[in-house]
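Using the hints provided, position chain L relative to the given structure of chain Z.
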Amino acid sequence: MSGSEKAAADPGWEVLARVAAGEVDAFATLVEAHQDRLLRLCERLLGDVEEARDAAQEVFLRAFRKAAEFQPQGQVFTWLYRIATNYCLNKLRRRRLVRFIQLEGSEEREAAPIDPPDSAPDPATALAARQRWGSTRRAIAGLPAGQRAVLILARFEGLSYRQIAEVLGITEGAVESRLFRAMRRIESAQELRSSRVS
Amino acid sequence: MTGDVQIQLMRLLHGQLPEEKARALRDRLAREPELALAYRRLERAWAGLELPPAAPAPLGFTSRVMARLGAGSPVVPWSKAPLWVRATGAAALLAGVLLGMGVGIGWMPKETHAHTGLPPLTESYLAMVNDSTAPALPPAQGGEARQ
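Protein chains in written order, with numbering that gives the first Met the number 0: chain Z, 0 to 197; chain L, 0 to 146.
Just so you know, the hints here were simulated from the structure itself, not pulled from any lab data. Worth double-checking, as some hints may not be accurate.
As the list claims (entries may be wrong) - From the derived model, a few chain Z residues whose C-beta atoms are all more than 12 Å from chain L:
#1 Trp-12
#2 Glu-13
#3 Gly-73
#4 Asn-89
#5 Gly-145
#6 Gly-168
As the list claims (entries may be wrong) - Examples of chain Z residues lying across from chain L (beta carbon under 10 Å, computed):
#7 Arg-39
#8 Ile-139
#9 Ser-159
#10 Ile-185
Only a predicted model underlies this, so the values are computations on that prediction, with no experimental measurement involved. Ideal Cβ positions, reconstructed from N, Cα and C, are used throughout, including at glycine.
The following block holds chain Z by itself, in its conformation from the complex:
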């Protein structure tokens, strides 16, 4: 299926067309369909549930305002991801210091309130999972904003390099280069941590 066929097949574009024609209530369909994944993306990028909720609301408002300018290319979720990523990266750049950098070095705060309730069969497994999540948060927090976005979109959102390029408005070559640099940093951090433990 070609890109234009995919675009035509995405019912989200039709919803956006209705919104652009003044059917404001139709926008609720779009919010319902994409709220979970947008909230998840904002949470991954910002590292804070409450901020992510505010950000996701703001992203939907921006999408609504841009509905009249939409060009049905690709898929609606990549268009929404683009708005969300730009918004969150700007937010991160503005405040300079992301919240989960502050968690660095604090074992107690690794069990951050954003972690879901334990579903692991035993406490040791649950603790190990929380430690892995904490390590990942710290590793991601240590990345520059551009590398962080690429890594999150690839690892946690499962986007292809082409989709990431579309979301971030960069080339596929730039995507793989950022991802490569991000992975180098992560590998180094993981090796350093292993050597400290041993």
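Only chain L this time, still in chain Z's reference frame:
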């Protein structure tokens, strides 16, 4: 190992390599232990990136978004505005330009000397050029006087 090979390993791990290239790289991985080690390290680092499942959207999230939209409607760009809107806009713009030109021309004095006591600039210039008895221009500073 070059950065290019490492990028190829990363593409292989992410399933972003064309099948033919992927097969060739897998063959190399089977033959070259150093390459295989680098791949395993990358694989481990990738798998080690874990985050908890994200919380679902809170109840009433959609309603809150819709409430914030209020009575607002999307801003239609000029290129997508209806024809009558664009025609009216263009006519208003043209009328504004014509009005501005009319006002400007209306204010422009026809006979400058009527206000200043001097002849109009064009006439003055032509008279000076044609008058061979007019005094020569002073020489430019640092240069030679013209004949």
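Practice problem: Let me know if the C-beta of Z/Ile-139 comes in closer than 10 Å to any C-beta of chain L, holds or violated. | Solution: holds (8 Å)
Quiz item: Does Z/Ile-185 meet its interface restraint, that is, does its C-beta lie within less than 10 Å of any C-beta in chain L?
Solution: holds (5 Å)
Practice problem: Take a quick look at Z/Glu-13 and tell me if its Cβ sits farther than 12 Å from every Cβ on chain L, holds or violated. | Solution: Nearest chain L Cβ is 15 Å from Z/Glu-13, so the label holds.
Quiz item: Can we keep the Z/Arg-39 interface hint, with Cβ of chain L closer than 10 Å?
Solution: Holds, because the Cβ-Cβ distance from Z/Arg-39 to chain L comes to roughly 4 Å (cut-off 10 Å).
Practice problem: Run the C-beta distances from Z/Trp-12 to all of chain L and say if the shortest one exceeds 12 Å. | Solution: Non-interface label on Z/Trp-12 holds, nearest chain L Cβ at 14 Å vs cutoff 12 Å.
Self-check item: Hinted contact Z/Ser-159 with chain L - closest CB pair below 10 Å
Solution: holds (7 Å)
Practice problem: Would you assess whether Z/Asn-89, listed as outside the interface, keeps its beta-carbon beyond 12 Å of every beta-carbon in chain L? | Solution: holds (19 Å)
Practice problem: Verify that the Cβ of Z/Gly-73 lies farther than 12 Å from every Cβ atom of chain L, and report whether the claim holds or is violated. | Solution: Label holds. Min Cβ-Cβ 18 Å, cutoff 12 Å.
Quiz item: Going by Cβ atoms, does Z/Gly-145 stay more than 12 Å from chain L at every point?
Solution: Fine: 17 Å to the nearest Cβ keeps Z/Gly-145 off the interface.
Exercise. Would you assess whether Z/Gly-168, listed as outside the interface, keeps its beta-carbon beyond 12 Å of every beta-carbon in chain L?
Key: holds (19 Å)
In this structure, every one of the numbered hints holds.
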